[in-house]
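A.B. asks: Top to bottom, those sequences are chains D and P. Each residue of the first sequence is one higher than the one before, counting from 1 in the numbering used here. Each residue of the second sequence is one higher than the one before, counting from 1 in the numbering used here.
Simulated from the structure, these hints should not be mistaken for lab results. Check before you lean on any hint, since a few could be wrong.
Derived DSS-like pairs: lysine-lysine, alpha-carbon spacing no greater than 27 Å straight-line [stated by the list, open to error]:
#1 D:61 x P:44
#2 P:71 x P:51
#3 P:62 x P:44
#4 P:44 x D:68
#5 P:27 x D:61
#6 D:49 x P:27
#7 P:71 x P:44
#8 P:27 x P:71
#9 P:44 x P:27
#10 D:49 x P:44
Sample of chain D residues at the chain P side, in silico, Cβ under 10 Å [said to hold, decoys possible]:
#11 6
#12 9
#13 41
#14 42
#15 45
#16 49
#17 101
#18 102
#19 103
#20 105
The beta-carbon is built from N, C-alpha and C at its ideal position, and this holds for glycine as well.
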Amino acid sequence: AQSVTQPDIHITVSEGASLELRCNYSYGATPYLFWYVQSPGQGLQLLLKYFSGDTLVQGIKGFEAEFKRSQSSFNLRKPSVHWSDAAEYFCAVTNAGNMLTFGGGTRLMVKP
Amino acid sequence: NAGVMQNPRHLVRRRGQEARLRCSPMKGHSHVYWYRQLPEEGLKFMVYLQKENIIDESGMPKERFSAEFPKEGPSILRIQQVVRGDSAAYFCASSPSEGEAFFGQGTRLTVV
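The shape of chain P in the complex, shown without the other chains (with noise of 0.2 Å):
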């Protein structure tokens, strides 16, 4: 059983850009969930998901910032324009229904 699986592992931005961030959840997981961790901090909460719902987005800044769990396919997380203050390491785990949680090994944003 595959763990999360999350790519790219490292994004480059240009500020302007888009940034789509992936996560397949494990084998049976239906519970997304994405975290920030910005350089030299803990992570924080960002959105949970199951599938095609969000459950509870209240980490998720206002704007620019989206999350999507399709029927069929991975997790989106996408960041519209991003600024330097995107910069950071973005976890997606995944649990089955009300389980322990599994993370991946995270995606780096870079904002150049």
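This is chain D alone, in the form it adopts within the complex (with noise of 0.2 Å):
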């Protein structure tokens, strides 16, 4: 079965400073990555995805993850943390489709 570990809870950074969150995951084929940002009360918003092809992915508000196969990780970067980030980011896994297992979720702070 496959399944998706973030390690850390809780992170907090300093505005400015660069950011990486961590996403091992467990499965048996290439999965399907995605990283998702989850402001308060509201829904997942994608912030990107991996399918194939190049390992290092961009994608929106400035975000970027690398897709690691020898290590089963798919970390969440970015150079310079706005206070705007501060959310919850979960990692996700798929084989196809989009019945996606999560990760249980890491919640960002931002401190000014």
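Can you join these two chains into the complex? Each is in its own frame, and there are hints to help.
C.D. replies: Below is the structure:
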């Protein structure tokens, strides 16, 4: 069975600092990988996705993620965090289609 | 093109009552997915439907929960005889065939 682990439940960074959110997955085949962001009381917004090809994926809002097959990881990065990035971030995986398996989420707080 | 519409946004039910959650997919989308998010947890897949068919309900509790996506009208997630443990945010997503899924803003169910 596939699974997704986000090791960091909470992360606090200063505004302007760089950010990396970790995501590890367990899956037998090449997965499709996603990062979503959820603001309080809101639904999920897709930041980026990886299906195949270039392992460095660019997304919206200045985010990027790198697929590393050898490490079963798909970490999310941003070079300079803005206060508006404070939210909860979810990594997700699927083999095909949209029956996603989500990680437990990482709550990002941004210090002024 | 309106997004995925879920209603109500907030629903309060007493223990033993029925809860009906509605999801209108985006125009042109024939696939609907329901997810549940328990407090402080990630989203868990519940059920995948296409028009008039349940494709995968492996994440649905065996009792009290049902889902439908009729030929006309929204998809409905129905919870009978609600209990406190059903309190959660329920998210619907829709997609065109195998394309990207878009999430609604969710229905927050509180059982008192």
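A.B. asks: With a cut-off of 27 Å on the C-alpha distance, tell me whether residue 71 of chain P and residue 44 of chain P pass.
C.D. replies: Measuring from Cα to Cα gives roughly 26 Å; hence the hint holds.
A.B. asks: Grab the minimum C-beta distance from residue 41 of chain D to chain P and call the hint holds if it beats 10 Å, violated otherwise.
C.D. replies: holds, 8 Å
A.B. asks: Once the shortest beta carbon distance from residue 102 of chain D to chain P is found, is it less than 10 Å?
C.D. replies: holds, 4 Å
A.B. asks: Checking one constraint from the list: CA of residue 49 of chain D to CA of residue 27 of chain P, max 27 Å. Satisfied?
C.D. replies: Distance of about 23 Å is within 27 Å: holds.
A.B. asks: For a C-alpha distance cap of 27 Å, please report whether residue 62 of chain P and residue 44 of chain P respect it.
C.D. replies: holds, 15 Å
A.B. asks: Please verify that hint: residue 9 of chain D, Cβ, nearest Cβ of chain P, below 10 Å or not.
C.D. replies: holds, 9 Å
A.B. asks: Need the status of pair residue 44 of chain P, residue 68 of chain D: alpha-carbon distance at most 27 Å?
C.D. replies: Holds, at roughly 25 Å.
A.B. asks: Using 10 Å as the Cβ threshold, decide whether residue 6 of chain D counts as touching chain P.
C.D. replies: holds, 8 Å
A.B. asks: Need the status of pair residue 44 of chain P, residue 27 of chain P: alpha-carbon distance at most 27 Å?
C.D. replies: holds, 25 Å
A.B. asks: Is the Cα-Cα distance between residue 27 of chain P and residue 61 of chain D 27 Å or less?
C.D. replies: The hint holds at about 26 Å.
A.B. asks: Would you check the hint for residue 27 of chain P and residue 71 of chain P, treating anything up to 27 Å between C-alpha atoms as holding?
C.D. replies: holds, 14 Å
A.B. asks: Has the given pair, residue 71 of chain P with residue 51 of chain P, been kept, meaning a C-alpha gap of at most 27 Å?
C.D. replies: holds, 6 Å
Going down the numbered hints, you'll see the structure goes against none, and every one checks out.
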